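Here the protein sequences come in this chain order: V and A.
No gaps in the numbering here: position 226 of the first sequence is 226 in the numbering used here, and each next residue is one more.
No gaps in the numbering here: position 46 of the second sequence is 46 in the numbering used here, and each next residue is one more.
Just so you know, these hints were derived from the structure itself, not from any lab.
What you are looking at is a predicted structure, and each value in this text was computed from that prediction instead of being measured.
We put the beta carbon where it would ideally sit given N, CA and C, even for glycine.
Watch out, some of these pointers could steer you wrong.
Unchecked claim - Just some of the chain V residues that point at chain A, by a computed CB distance under 8 Å:
1) 8
2) 9
3) 10
4) 41
5) 198
6) 200
7) 219
8) 220
9) 225
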Amino acid sequence: MSSEQEKLIAELIEKGLAGDMDSINAIEDRVLRSKVKSGLAKAKRAAKNAAVAAAKESSPEESSAEIMPSDHPNQKFAFMIEEKFPDSLADTLNDTHIQIKPDQWFEIASWLKSEPSLYFDSLQCHTGIDLGENMLEARYNLHSMKHDHKIEIRIAVSRDNAHIPSIEQIWRIGDWFERETYDMFGIFFDGHRDHRRMLLPEDWEGYPLRKDYEVQETYHGIIIPKVKEGWE
Amino acid sequence: MGILENKFEDNVVVAKLDKLIGWARSTSPWYFQFGLACCAIEMMSAAASRHDLERLGMMPRSSPRQADVMIVAGTVTMKMALRVKKLYEQMADPKYVIAMGSCATSGGPYWQHGYHVLKGVDIVVPVDVYVPGCPPRPEALIEGLLKLQEKILDERPLTRKMA
């Protein structure tokens with residue numbers, strides 16, 4: 001890379017940081033453009049980290065104004081969802097996941113699959129997490145075979161009202177995924193056509209992967225030894 | 001053989017019926033073909049050509065009605081425990097059980113924190129021979145089966161047991 005080019009890139013990154021994305025997008029040379037973009041992302045990350053470190057030291061509450069998405073695909077997708085389904089995001093934009101509210105999840109999911117520019121045709125993974133503090137969370141990892149991009153959707157619900165719309169009719173693989181999450185965490189998936197336990201017997205009590213799970217004492221007359229007893 | 005000695009031709013064997021039945025049973029203990037976990041792979045290996053259980057007269061049967069020995073090969077979960085019990089009840093007498101591997105004998109690695117694992121299959125069915133190992137080698141399983149054969153040989157099915 002010539003020093004001239006380096007100079008140009010640095011200039012463009014400066015511009016990008018100031019909010020002028022058009023001049024970057026106008027670059028004809030693909031290699032140069034991608035170099036500028038990656039440099040811009042790096043600079044932004046550094047700035048963000050510095051801001052976070054500063055925020056930790058000074059006031060915890062920064063201004064929570066509506067931020068435009070960065071170049072990160074995750075933020076772009078989240079922004080698209082927010083545009084299409086207003087008030088569906090439960091968290092600000094970030095680079096790792098999209099936190100959404102459970103209410104419109106079925107509509108969002110079918111849109112994510114059918115929208116040509118997204119086309120998330122594959123539900124790669126779905127699982128649950130006990131967040132503690134009376135909250136449970138379901139997570140969905142989606143991938144598009146066509147565009148080769150992926151996102152992670154997170155939906156947090158409270159234990160007292162652990163209901164999430166089922167996406168089993170959108171991605172058929174979700175059938176067993178959701179049954180397992182129901183089995184282990186007790187999250188109910190409304191609209192699931194075969195909502196039974198997946199692994200444990202039908203008459204099992206409790207949801208084992210919850211943090212406060214207590215093992216039942218007997219099962220059909222078989223005594224289950226207490227976990228704490230034994231040779232510890 | 002007392003008074004019966006030399007009364008018959010050379011190729012006739014004389015024995016007590018009691019012992020004969022025990023001998024016959026011990027040399028053809030057909031085992032019930034089902035596996036629950038990794039131990040099942042070792043059981044299959046024991047039945048395959050290298051170790052060849054059939055040379056001991058043991059052949060896998062797919063129905064509990066035709067089986068004499070149930071080899072509980074693997075982790076018995078609570079859900080499976082009821083089914084193991086049912087299968088055991090469906091077997092015709094005389095019937096024997098071999099607990100193969102740590103899980104079937106005591107719960108194995110799930111001994112302490114496996115909420116869903118039965119801590120030893122002997123809680124639901126009577127076990128004749130325990131084979132330790134995780135999983136046991138086919139040789140260990142064969143050793144267990146030979147021990148079972150000894151046990152069956154020592155039985156006296158026609159002798160009235162003292163109450």
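Hints and how they fare:
{"no.": "1", "hint": "8", "verdict": "violated (61 Å)"}
{"no.": "2", "hint": "9", "verdict": "violated (55 Å)"}
{"no.": "3", "hint": "10", "verdict": "violated (57 Å)"}
{"no.": "4", "hint": "41", "verdict": "violated (44 Å)"}
{"no.": "5", "hint": "198", "verdict": "violated (11 Å)"}
{"no.": "6", "hint": "200", "verdict": "holds (7 Å)"}
{"no.": "7", "hint": "219", "verdict": "holds (5 Å)"}
{"no.": "8", "hint": "220", "verdict": "holds (6 Å)"}
{"no.": "9", "hint": "225", "verdict": "holds (6 Å)"}
In this structure, the hints that do not hold are numbers 1, 2, 3, 4 and 5, in rising order.
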